[in-house]
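Starting from the known structure of chain A, fit chain B onto it as the hints suggest.
Here the protein sequences line up with chains A and B, keeping their order.
One rule links them: number in our numbering = place in the first sequence (from 1) + 4.
One rule links them: number in our numbering = place in the second sequence (from 1) + 9.
Hints listed in this document are in silico derivations from the structure and should not be mistaken for laboratory results.
Under the rule of at most 27 Å between Cα atoms (straight-line distance), these lysine-lysine pairs were calculated in the DSSO-like manner:
| # | chain 1 | residue 1 | chain 2 | residue 2 |
| --- | --- | --- | --- | --- |
| 1 | B | Lys-192 | A | Lys-429 |
| 2 | B | Lys-95 | A | Lys-457 |
| 3 | B | Lys-95 | A | Lys-441 |
| 4 | B | Lys-95 | A | Lys-244 |
| 5 | A | Lys-441 | B | Lys-188 |
| 6 | B | Lys-192 | A | Lys-441 |
| 7 | B | Lys-202 | B | Lys-133 |
| 8 | A | Lys-140 | A | Lys-63 |
| 9 | A | Lys-436 | B | Lys-95 |
| 10 | A | Lys-436 | B | Lys-188 |
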Amino acid sequence: MKKKSYRIVTALLLISILLLSACAGGGSEKASGSKSDDGKKELTFMFRGGEAEEEAYGKAIDKFEEENPGVTVKMIVTAADQYATKLKASITGNQVPDVFYIEPGTVRSYVHSNVLLDLTEYVENNENINLDNIWKFGVDTYRFDGETQGKGSIYAMPKDVGPFSLGYNKTMFEEAGLELPDKDTPMTWDEFIKANQALTKDTDGDGKIDQYGTGFNVNWVLQPFVWSNGGDFLDETQTKVTVDTPEFAEALQWFADHQNVYEITPSIEDAQTLDTYQRWMQGQLAFFPVAPWDLATFDTELDFEYDVIPYPAGKTGESAAWIGSLGIAVGQNTEHPDLATELVYYLTASEEGQQALSDARIQIPNLKDMAAEWAADDTMAPENKEEYLQIVEEYGHALPANNTYNAEWYDYFFTNVQPVLDGDKTAAEYVKEIQPKMQEFLDNARQLEEQAK
Amino acid sequence: METAKVEVNKNLQPNVDASKNSKRVKKKKSNFYKKESRAALIFILSPLIGYLIFTLYPFLFSIYASFTAWNGLGSMNFVGIDNYVKLFTDDYFGRSLFNTLFMMVGIPIGLLVSLMLAMGLNRKIPGTTTFRVIYYIPVISSLAAISVLWQWAYNGDYGLVNQFLSVIGIDGPNWLQNKDTVKPALMIMAIWKGLGFSMLLYLAALQSVPRIYYEAAELDGANAFQRFKNITWPMVKPVTFFLVITNIIGGAQMFTEVNIMTPTGGPEYSSATVVFYIWQKAFNNLQMGYASTMSVVLGLIIFIVTLIQFKLNDRSSFEID
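Extracted from the complex, chain A is given alone in its bound form (with noise of 0.2 Å):
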């Protein structure tokens, strides 16, 4: 008796969990954020990050609440590698959140296909935005006229801006009495080289190299190279495929030589990121790339010190960094316009939610005068963080496939690069006979996005 009535439970839960997700079905058209029964309005939230952000949020999201009674908001917190996938579930299911993260390389796909709220005339018209005080780099990622993206209407607000500086371990340099990287002239690649190669040694005496110069990961330190060596993935119309040029092959040919010519990184068997990361977290490393989103963990981490430069320059003479950002949209069927976009005001632009944030130690601010004092602040190291600021405002430039229908032409480029990086084929050739199959690929996202217009 008693297994048979477990078996009605069973079957009585499994019934209602189908009529549950049937209704989910059917309520469809009405998009999310409903009011409830006592006149409250709920709006939903979300994002992904860690406990950091949660927090830092959870502060904004209060004085939000408390400008606006009767209004809640509800976070929806995923991890880093399944946001994509989940806002994608929801948009297809018609049960976009009313105000949610996007990555810059989705505001075409997602405006084309009528997900975003245009966000222009709330931002211009809200007194509180004074968009001289935001950073433009930050904002016109999200700008997008039909046609180019940097121009026309804003779908998103900054939720912050990623410069991706270089990093040196000071405690390293002083102790082998070499002179330390100015600040604001950036090394030649020579100089560079150089520098490495002085610190690539075996400093225990057991015969083994435990010290490097560098470990760079492709994926992300390419670019500056290529840029300041007067190169690009792109041509400016975003249309041609631009890296069978000798500038880019020289950049790449380059960076491959640290591991196969210099001899200044970990050898072919070791280089993995992780390792490298952890390497440099350890002390082994003279140079590592160090993000805003990386500080506050290497201040508790470290037992060296450290600070920050431009990265090397090539034949431009000039630095070059790309610049991260995420966006904070609002979906284009929410049922509270204006108290969604007033809700990604406080998120990315309001004094208290900023403060929060830059108080975690997650992100540069948002706004320019608050960023000035976080750059000044000398408590916190390293002690450059000017440079975070010049790059976002004077050098920096967008990734490469940020500004593409999708980035599968990007992607293809990295995925096959191991050969050259291994030296087992020249750069020159590399580049040659990949540009074909890239233009194809980007040819082709040019061709899905005119059918999705």
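Coordinates of chain B only, in the frame set by chain A:
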């Protein structure tokens, strides 16, 4: 929602009482049967509805989607067989299909090892229960957690695998970063993960083999290998057949470990499986329509392979009475 629950309750509750009284009150029997069949209907309904909503509808939908250009967000445009034509010239599809097939080489190896383990654990030696538990732990662990663990084990510098190899004097490669070792690395993990499950089924099959066969064979002077070949192997054949089929279907759908251990599909796309490629196309590269085409083709391949296996099995099957 609420009303549905109450209704079901009303229907079911009297049955419980009725079953107590059914013997005594003969007249009510037909009514009881009616009610019982209604209850049975509800039991059948739940998996049926589940099948319709979560299997059949998506299945038919993806067949339709496979003939469209669709980015997964906006409207679908019918393009006929364009996607299918494109499939034939798609370099990545070829590579990922090859990778998937290559990694299936691990299936017979895994079955062989688990059969041997099962035979070992089938003897009356102390500690067999402990070993069964040890081999079964990977089966009940989350695949994602296992993938993360093995990612560390395969690490070129600090990984357990290479540390072990260095003890016996071999300088191990950086398993997941080398296009020649990444597939074997994933295979080894899959074998390890599946070992416990196959072993358990084999163990159950072995224990149901009547002792008398072995005794008779021994009396006739058959040696250990002959006993294995002529008694054990044929007797566990249905289990082997079941395991081969489920393993091939599972192998064709390999995704999680690839996605976690080599998030970009490995150097030169050397570890990307078909499902991984489908997922990338659908969710990263805005080609849900084309991804559906690949899913349909993959489904067809699995169907055909399974059909062939059933035919082969029919031909070589036999009955013992």
